[in-house]
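Modelling step: build the complete structure from the supplied sequences, incorporating the hints.
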Amino acid sequence: MNRSEIDTAELMQRVLYEVKKVVVGQDYFLERVLVAILSQGHLLVEGVPGLAKTLTIKTLAGALQGTFKRIQFTPDLVPADLVGTRIFNQKSGDFSVALGPVFANLLLADEINRAAPKVQSAL
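Taking the numbering used here, the leading residue of the sequence shown gets 538, the next gets one more, and so forth.
Quick caveat, the hints were computed from the structure, so don't treat them as lab data.
You may find that some hints are simply not true.
Simulated restraints on C-beta separations [what the hints assert, rightly or not]:
# : residue 1 : residue 2 : range
1 : Pro612    : Leu580    : 38 to 46 Å
2 : Thr622    : Pro654    : 13 to 21 Å
3 : Ser629    : Gly562    : 15 to 23 Å
With a cut-off of at most 20 Å between alpha-carbon atoms, the simulated EDC-like pairs for lysine to aspartate or glutamate come out as follows [what the hints assert, rightly or not]:
#  : residue 1 : residue 2
4  : Lys558    : Glu568
5  : Lys595    : Asp564
6  : Lys606    : Glu648
7  : Lys557    : Glu547
8  : Lys595    : Glu555
9  : Lys590    : Glu648
10 : Lys606    : Asp647
Note that beta-carbon positions come from the ideal geometry of N, C-alpha and C, so glycine has one too.
If you want it as structure tokens, here you go:
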């Protein structure tokens, strides 16, 4: 094994250790989440309420020193609720950008099926 593989394995073990201090009994789920992160991918998780999905992702974001955002999808959401928008500042006379939750390092999108297709496409 080369040095980068050892560093990655060591990092994964440290992160698993930190998250397992908070989340108990979700080892398989946690390992799959880490694989998705290390492969720079996305992860679709389905499960009944109470399986610590939100707690796992929130704790993982803290262990990785990243940002965490959660979106509860509802029928009245618009794409700007996800990606953000430009806001006019009357005092300075210019626009500023308010970034939406999709710019977080770890994003938990809950009940995606409730949103309109145009909102889902903003992900």
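Taking the hints in turn, this is what the structure says about them:
For the pair Pro612 and Leu580, the supplied restraint of 38 to 46 Å is violated, since their beta-carbon distance comes to about 24 Å. For Thr622 and Pro654, the hinted distance range of 13 to 21 Å is satisfied, since their beta carbons lie about 20 Å from each other. Distance hint check for Ser629 and Gly562: the Cβ-Cβ separation is about 52 Å, which falls outside the suggested range of 15 to 23 Å. Using a Cα cut-off of 20 Å, the hinted pair Lys558 and Glu568 holds, with the two alpha carbons roughly 15 Å apart.
At most 20 Å may separate the alpha-carbon atoms for a hinted pair to count; Lys595 and Asp564 meet this at roughly 15 Å. Under the criterion of a C-alpha separation no larger than 20 Å, the hint pairing Lys606 with Glu648 is consistent with the structure, at around 14 Å. The hinted pair formed by Lys557 and Glu547 meets the criterion: a straight-line CA distance of about 15 Å does not exceed 20 Å. Restraint check for Lys595 and Glu555: the C-alpha separation of about 12 Å stays at or below 20 Å, so the hint holds.
Pair hint Lys590 plus Glu648 holds up; C-alpha atoms about 13 Å apart against a cutoff of 20 Å. A threshold of 20 Å between alpha carbons decides the hint, and for Lys606 with Asp647 the separation of about 11 Å falls inside it, so the pair holds.
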